[in-house]
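S.K.: Here is what each chain is made of, one letter per residue.
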Amino acid sequence: MVLTNSFWDTAPPWLIKMKEDFILNFVDAGRWKWLVEGLGNTLLITLFALLIGLVIGVVIAAVRSTYDKNRESMEMQKGFGYYLLKIVNGICNLYLTVIRGTPVVVQLLIMYFIVFASSRDSLMVAIIAFGINSGAYVAEILRGGIMSIDNGQFEAGRSLGFNYVQTMIHIIIPQVFKNVLPTLCNEFIVLLKETSVAGYVGIVDLTKAGDLIRGRTFSAFMPLIAVALIYLAMVVILTALVSALERRLRKSER
Amino acid sequence: MKKFISIILVLVIALSVFAACGQKTDGKEDLVMATNAAFPPYEFKEGDKIVGIDAEIAAAIADKLGMNLVIEDVDFGAVLTGVAEGKYDMGMAGITVTEDRKKTMDFSDTYATGIQVIIVKDGSPITSLDDIFEFNADGDPVALKNPDIKVGVQENTTGDIYSSSAITGWGFNDLNEDESVKTDRVVRYKTGAEAVSALKSDKVDCVIIDNEPAKSFVATNEGIHILEGENEYAVEDYAICVKKGDSELLTKINKALADLKADGTVDKIVNKYIPKDGGAQ
Amino acid sequence: MSDNSAYIHVTNLKKYYKGGIHALDGVDCDINRGEVVVIIGPSGSGKSTFLRSLNLLEIPTTGEIVVNGTNIVGKGVKIDQHRQKMCMVFQHFNLFPHMTVLRNLTLAPMKLLKKSQEEAEVKAMSLLQRVGLADRANAYPSQLSGGQKQRIAIVRALAMEPEVMLFDEPTSALDPEMVGEVLEVMKELASEGMTMVVVTHEMGFAKEVASRVLFMDAGKIVEEGPPEEIFNHPKHPRLQEFLSKVL
Chain A
719 MVLTNSFWDT APPWLIKMKE DFILNFVDAG RWKWLVEGLG NTLLITLFAL LIGLVIGVVI
779 AAVRSTYDKN RESMEMQKGF GYYLLKIVNG ICNLYLTVIR GTPVVVQLLI MYFIVFASSR
839 DSLMVAIIAF GINSGAYVAE ILRGGIMSID NGQFEAGRSL GFNYVQTMIH IIIPQVFKNV
899 LPTLCNEFIV LLKETSVAGY VGIVDLTKAG DLIRGRTFSA FMPLIAVALI YLAMVVILTA
959 LVSALERRLR KSER
Chain B
432 MKKFISIILV LVIALSVFAA CGQKTDGKED LVMATNAAFP PYEFKEGDKI VGIDAEIAAA
492 IADKLGMNLV IEDVDFGAVL TGVAEGKYDM GMAGITVTED RKKTMDFSDT YATGIQVIIV
552 KDGSPITSLD DIFEFNADGD PVALKNPDIK VGVQENTTGD IYSSSAITGW GFNDLNEDES
612 VKTDRVVRYK TGAEAVSALK SDKVDCVIID NEPAKSFVAT NEGIHILEGE NEYAVEDYAI
672 CVKKGDSELL TKINKALADL KADGTVDKIV NKYIPKDGGA Q
Chain C
3 MSDNSAYIHV TNLKKYYKGG IHALDGVDCD INRGEVVVII GPSGSGKSTF LRSLNLLEIP
63 TTGEIVVNGT NIVGKGVKID QHRQKMCMVF QHFNLFPHMT VLRNLTLAPM KLLKKSQEEA
123 EVKAMSLLQR VGLADRANAY PSQLSGGQKQ RIAIVRALAM EPEVMLFDEP TSALDPEMVG
183 EVLEVMKELA SEGMTMVVVT HEMGFAKEVA SRVLFMDAGK IVEEGPPEEI FNHPKHPRLQ
243 EFLSKVL
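Protein chains in written order, with the working numbering: chain A, 719 to 972; chain B, 432 to 712; chain C, 3 to 249.
Since the hints were made in silico from the structure, they are not lab data. Among the clues, some could well be false.
Just the calculated beta-carbon pair ranges, DEER-fashion [what the hints assert, rightly or not]:
# : chain 1 : residue 1 : chain 2 : residue 2 : range
1 : A       : Met-865   : C       : Glu-120   : 36 to 44 Å
2 : A       : Asp-839   : B       : Asp-479   : 47 to 55 Å
3 : B       : Gly-660   : A       : Gly-808   : 55 to 63 Å
4 : C       : Gln-119   : A       : Val-754   : 49 to 57 Å
5 : A       : Gly-808   : B       : Lys-480   : 41 to 49 Å
Glycine included, every Cβ here is placed at the ideal spot set by N, Cα and C.
Please model the complete structure; the sequences and the hints are all you need to start from.
M.R.: If you want it as C-alpha cells, here you go:
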C-alpha cells in the first residue's frame, strides 16, 4: 500500500523523523542489502556449524558413553581396545574442557589468526570454529540423553542378544533422540545468536551488517533495532517449530 | 607459545579497560571523549593509558575549558554513532570530515590532515592503487582489477568506505552496478592492527588505512611496507565531532583549539608523535 | 551333547565389588535341562547377582560358568549369541517404551534371528494369544497394567526361542492382584519343560513348581534340595530363620 502525500503532510514530526531515518538507514544507497547479505552469512554459518557440531557431537558422545557403559567389563579383559578407548576418551574430555571453558569469540580468533593462519576464507574458518564449538555442547547433550535412559533398557537389549552397538541403534538412540531433540534445537538457537561475533574476523554477518550501516549513517536506533528484530523473528519461529515438534513427539509416546 | 601470548594479551587488555573505568574525577565537570584506541599515533594504548595526538590535544582542550577529560575506548563505528546520539560529548579518533557525516553531526575546525595509504607485504605484486582498483573518469574506484584480490580495512573508516564503494556498488557511494563481484573482497576488521596481522598472514593482499597509523604499523612489523607516492586519492581533514546542534560546546572547542594552535601546543604534540622527516608529505 | 551332564555348570563363582563387598563368595551349582530352579534368600544374599552372572549382565570376578560345554567367562566368547539362548525377564519389565507391543516382540527375532517381518509377527501373535494379550498388539507399553507388561516381557523373551529363561524377581514390582496372572504363565512354561532359573519371593510358586530350590545367604548357596525338603525339613539355621520370617 502506498501512503498518500496528504498523510505525510499531517503526520506528527516524530513519525516524519522515523520515516527519514528509515530511508537513510535502509533505502539510501541500497543499505538494506547489507542486512540481506549479513542474514545470509549468519544462516550459512549457523547451518553448517550445526552440521559439523552434530557429527562431532555424535562421535564424542558415542566414545564417552561407550567408555562409561563398558568400563567395567573392559577393565576385566584389559585388551588393546580398552586402552585405545581410554586414550580417545581422555582426548574427548580435553576437547570438552577446552571448548566449554573458553569464550567462542576467543576460539574464533585463535582459529582465524593462529590455527588457520594461512586460510583466506574467513567464512570457512568461522564455520569450522563454530562447528567445533557447537560439537562440544551437542556431545554433552547427547551423552546426557544416553545416560538418562534407564539402564534396564540396555540390559533388556543386551539380554535379548543384541550387542552394544545394536542395542544403541535399535533401542537407546530412538529414545534419546526424542528426549534431546528440544534441547538440541535450543542449542541451534543459541548457536544462531552466538554467530554474531563472526564480525571479529571480517565476516559481514547480520550483526556486522548493522554495524556497517551504523558506521555509515551514524544513527544507532534503526540499524540496531532492525538487527534485533531479525534475530528475534528467527528465534521466535524456531522456538515455535520446536514446541510443535515436542507436542508431536509426546503424542506418539501415548 | 603463540597461543600463550594471545592469552596474556587478552588479559592485559581486559585489565586496562577496568583501570580506565576506575579513573577518579575531582569535582570538575566531565568532558567525555569517545575514541578507538587502536589508531596510532592518534590514539593508542600505552600500558593502561590511552595516549596519542588526539588524547593529548583533548587533554589540552579540557584544560582550557576547566573540565575533566574522560576517555571512552569503543569501536570506531560506536564513536560516530555515540556522538551523533549524544552519548559522548565529543569524538576524537582521527575522524575525517565528510559531507555525509556533516549531515548527522557537527565538526570543529580541523587540527590535522590525514591521507590514506596502502600497506602491502614485501615482494607483493601490488605496486600502485591501479593494481587494485579500476577507476571511472572522476577518479572514483568502481571495480576490482583482479577479483582474487582481498583488501583489508578497519571497519567504518575512510579506507572501508572507499574500498567498499568499489566492491559492492551499494556501499557508501552508489558507483558499481556489477553485483557479480563477491562482497567479501573487502575484509573489515575491528581494528587496524588486526587488518595488518591479517595482511601478514596473507589473509588479505593489502590494507588501506590512514597514513599515520600505517607508519606505526610498518615501523613495528617486519616484512610490510607502505606504497610510496600512492596517497593523493583521499586527502582528508581530521576534526573533532560533537552532537549536531551542540553549538555551545563546539564554539568552546574551536576557541580552545585556536588558542592551542596559536601558542604552538598542537604543533608540539603532533611533532612529538610524528617526527617531521618521517612524514610522507 | 549328553542329557546326563549338567546344561549349566557353575564353579567357584565370585563377584567382588570395590570396597570389599563380596556379592558372590564362591558359588558352585549345576542346572540341568528341563529343570525349574528357584533361588530364594534374604535381600543382599547375592541371588540376583548370581542370576545376572549367568548371562553376564554382571561380570564375575573369578570362576567358571560352563554352558553347554563352553566357558562363557573369559576372552573371545561370543556372549551375544550365548544370550540369545538365555533370555532374561526383569523385575521392572524393561519393555521398550517407544515401540508397540508387537514391535517389542518382533524386533529381536527380525534383527538377530533374521526372520522376515511376516514370520516374526505370526510367531509374536501366537505368543500374545497364549498369554491372552493378542488384542493389545498395537498398544504401547505405557498403556498396559503391570501384570500385562510382565506377561509381554515374558513372551518377548520367548520370541527368541531360548533354551533357558532367567527370571529376576518377576512379580516383585507388581500389585498383589496381578501376581497370579504372571505366575500362571510361568507355571505353564514350566509344565512345557522349559529350563528356568527363577529368583523370587513367591514361596508358594517355589513349593508348587520348583524341581529344586537353592537357598542363598551372604554370597553362597547354603542349602539346596527339592522343595519339600527345603520347606518342610530345613537343616541350616539361616534357612530356618529365613523361612520362619517369610512363611
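S.K.: Between the beta carbons of B/Gly-660 and A/Gly-808, is the distance compatible with 55 to 63 Å?
M.R.: Given a distance of about 59 Å, which is inside 55 to 63 Å, the answer is holds.
S.K.: Does 47 to 55 Å hold as the CB distance between A/Asp-839 and B/Asp-479, or does it fail?
M.R.: Because 37 Å falls outside the window, the suggested range is violated.
S.K.: Do the beta carbons of A/Gly-808 and B/Lys-480 sit within 41 to 49 Å of each other?
M.R.: Once the Cβ atoms are compared, 45 Å apart, the range 41 to 49 Å for B/Lys-480 and A/Gly-808 holds.
S.K.: Go ahead and decide if the range 36 to 44 Å is satisfied by the Cβ distance of A/Met-865 to C/Glu-120.
M.R.: About 37 Å separates the Cβ atoms of A/Met-865 and C/Glu-120, which means 36 to 44 Å holds.
S.K.: For the hint 49 to 57 Å, verify it against the beta carbon of C/Gln-119 and that of A/Val-754.
M.R.: holds, 51 Å
Going through the hint list in order, the structure does not satisfy hint 2, though it satisfies all others.
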